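Novice: This is what each chain is made of:
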Amino acid sequence: MAVVLVIEDDDHLRCLLRAVLERAGHTVEDAPNGAAGLKRFSTHPADIVVTDIIMPEKEGLETIIELKRDHPEVKIIAISGGGARLDAQYLPSAKALGADCTIEKPFEPREVIEAIGGLLQAQSHG
Amino acid sequence: MPDKREIDALIERAIRSGAEVTIVTIGGRTPSGAAEPIAPEAPEAAGPVSDPVLLLDPAEPAILDSNAAFQAWAGVGGASAAQSLGRVDPEGRLTALALRAIATGEPASARVSLQAARGRVSIHAVAVPISGGARTLAQLILRTAPPAGTAESELRRTLQRLAELLEALPTPLLTLDGSGRVRSANPAAESLLRRGPELLGLEIEAIAAPVAAQRLRELVAAAGAGAEAQSGEIALTVDHQPVPAEVTLAGVGEGAERAIIAVLRDLRPEREAELARAQLLGRQHQTQKLEAIGRLAGGIAADVNNVLASILGYADLAMDDLPPGSKGRDSVEQVLKAGRRGKALVRQIVALGRGEPRPERRIRLDELLRTTLEVLRPIVPEQIALEARAAAPTAAVMGDAAELHQVLLNLCRNAVQAIGSRQGRIEVVLDAVEVTPGFAERPVNPDEDAAILGALPEEAGAAPSPRTARLFAGRLEPGPYVRIAVTDTGEGMPPSVLSRIFEPFFTTRKLGEGSGLGLAVVHGIVSAQGGAILASSTPGQGTRMEVYLPRSHRATELIAEEIDPDQGGPRVLLAGANAEVLAPLRRTLEAAGLTVETVTGGRAALETFRADHGRWRMAVLANDMEDVSAEALSLEISRIRPDLPIILCAEVEKMLTLDRLRAAGVTETVPMPVDPGELAIAVERALRIGARRV
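The listed protein sequences correspond, in order, to chains A and B. The numbering used here applies: residue 913 is where the first sequence begins, and numbers increase by one. The numbering used here applies: residue 3 is where the second sequence begins, and numbers increase by one.
Just chain A, with the same shape it has in the complex (with noise of 0.2 Å):
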């Protein structure tokens, strides 16, 4: 099991992510968006960061570069909406700039869980 670090500005989806993960028996932290993560990570650091792209602050794309740049060890996950235009766009940046897996709004539960089990296994093997 993980320590995963939660940044995400939707409060509904936030508390799900911890609900899931906890349940999967990961240990959760969190943060509202890409500034509160990243003072969360340097306190309480993480093994996986699961991140959306669109928020408040500091968005998602600058949050994966300084992770990658300070820690570059950390797994990350990016998530978003695609819906908006520009937004469309935003995953395949993110995975370019440094996000180890990508997933699409409205995801299911078990997709992270799967990612992140994915993410554990190939660092176990790595």
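The hints are simulated quantities; they were obtained by calculation from the structure and are not laboratory data. Since the structure is predicted, the reported quantities are computational estimates derived from the model, not experimental observations. Heads up, some of the hints might be wrong.
In silico lysine to any residue, SDA-like type, Cα no more than 25 Å apart, as pairs [to be verified]:
(1) Lys951(A) - Glu941(A)
(2) Lys339(B) - Glu1016(A)
(3) Lys1007(A) - Asp921(A)
(4) Lys345(B) - Leu1003(A)
(5) Lys345(B) - Cys927(A)
(6) Lys345(B) - Ala1034(A)
(7) Lys339(B) - Asp368(B)
(8) Lys970(A) - Pro957(A)
(9) Lys345(B) - Ile1015(A)
Please build the complex by placing chain B on the supplied structure of chain A, with the hints as guidance.
Specialist: Quick look at chain B alone, frame taken from chain A:
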């Protein structure tokens, strides 16, 4: 045989009755008989005596006699004058004029275009009927310009010039007499009305379509009576078809001399331009509307997604807490189902709102059909026969596979719903077509639409239905396209419904049965890919949807065109040092649809090539061989077949310089170890541009 006085009197009468302004004076002697030639005559100083005159037998038709003035004017010798009618009057206008005079027993006059010695001239001709024994003949006097110096001759010269001007005028123009009979028509008018000299003497109504005749007569009457010019839109009759025209009429002269000039303007080019403009505006309007709705929908989709993710997520968590078989679990399952429907709906909306196409790849039609059918078959009920085929399986389009899949699936879903619980049939055909100019604007063709709907067995033999309506959406430039056609025997649509099918959220289904987004999504995807949709529907019979997507000029397609299945001969010579080097290359080339013949060793390759060098479409050389270098092999191949594309695969460090590559006839290079994608691209390019060196 009338004498000169009688003829003069006849001409005089003609002038009075027709109010013609020409003064007729006969120059040559009245011919006294066909066999007797007219002696040359000196011009009379007192007046114009040198008008060309000829005696015409319109039954032959032939010139029986002519005077010296005619022979000089026409540039024919005395002996050959008799045979010169065809040359002087190739359109037979003099004959027509002669026949008219003979038919009415009155002199007839008209301006005619003839071939004179100095070239094509427009000339005033007067025909006088003459009873010549058993035959009825006509004497024709051609009114050339008289000698200068008299007031009369000046007047005639002016009139002549004026007449010539009207002849040359590109504007269609008629002159009418006071009673509305056509007295003259210039060539532009004859060309517009597609009639010749028979226009002369016609009542004006005869040139108007039946519905417009009365109106034209009224305009003529008003122009004849008043000083104001009259103008109106009149449907003219041209080849029995109504042609819109603007007719402007103005009266000139007084009393018996009163005449009317009619200027005709063909309105067809304007009408066509107006129609094209209206169609363009209609299409723009439709596109803008879709874009606006798409933007709005796309904007809210992100928020809706968050809501849906919460619903789906919590419902999923709740499921884990509820024992199997419990009522609560059933209820939560419904929540999940509804959430997933919402998720699918949001995806549709997002597809609609996205203006730019997604990253593209080449998609072959047979692949597209296969993947779609996998999803489609389960949703087609048993009572509906589904027939699907890719008529041009190797034809390909560039696009996003998921989107094209969505297009085909949405069209098929609609077809299934249109048939409902009845027995029916759906036909899906993917083929390659050439779009020609004006394709989209072509009028409804009942035969074609009958063929479309009639292609289905249930409808075979059915008469073309006039109720078939069509709707075209998108832009279609001429060129090669792939067509995805889905035809059903469902309930069909009336024009009022058909005209709105691409509007987002427009649906005829009950609440909950359809989102009204399916065809809007199809429209959005197809438009973004530069394609178009043509919908035809006949209420009670069925609907046909045709999607046109620009065809990709890629290897698969080119190869399909190149390879003659009857011949089946190898087309690509693949040469290399050994089988290990060649095997992966062969796989890539075959995957691109090429027929590959591999040869190991340079000499063997050259022998194979020379044996029948005309059959190769391309040569692929892998590195140097032990016996011959790739450079030497390429040089020899390109010497024999300068048109053959040659691809050289070699390690970067061993690659020849550009100059040497060019000199050796290499058209493409691919670095080793070969990346299959890179080789496929080189193959495509080589097939497309041949051996043209860069």
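Novice: Could you run down the list of hints and mark each one as holding or not?
Specialist: Right, here's what the structure says about each hint:
no.: 1; hint: Lys951(A) - Glu941(A); verdict: holds (11 Å)
no.: 2; hint: Lys339(B) - Glu1016(A); verdict: holds (19 Å)
no.: 3; hint: Lys1007(A) - Asp921(A); verdict: holds (20 Å)
no.: 4; hint: Lys345(B) - Leu1003(A); verdict: holds (18 Å)
no.: 5; hint: Lys345(B) - Cys927(A); verdict: holds (20 Å)
no.: 6; hint: Lys345(B) - Ala1034(A); verdict: violated (30 Å)
no.: 7; hint: Lys339(B) - Asp368(B); verdict: violated (32 Å)
no.: 8; hint: Lys970(A) - Pro957(A); verdict: holds (18 Å)
no.: 9; hint: Lys345(B) - Ile1015(A); verdict: holds (14 Å)
Violated hints, in rising order: 6 and 7; the structure is consistent with all others.
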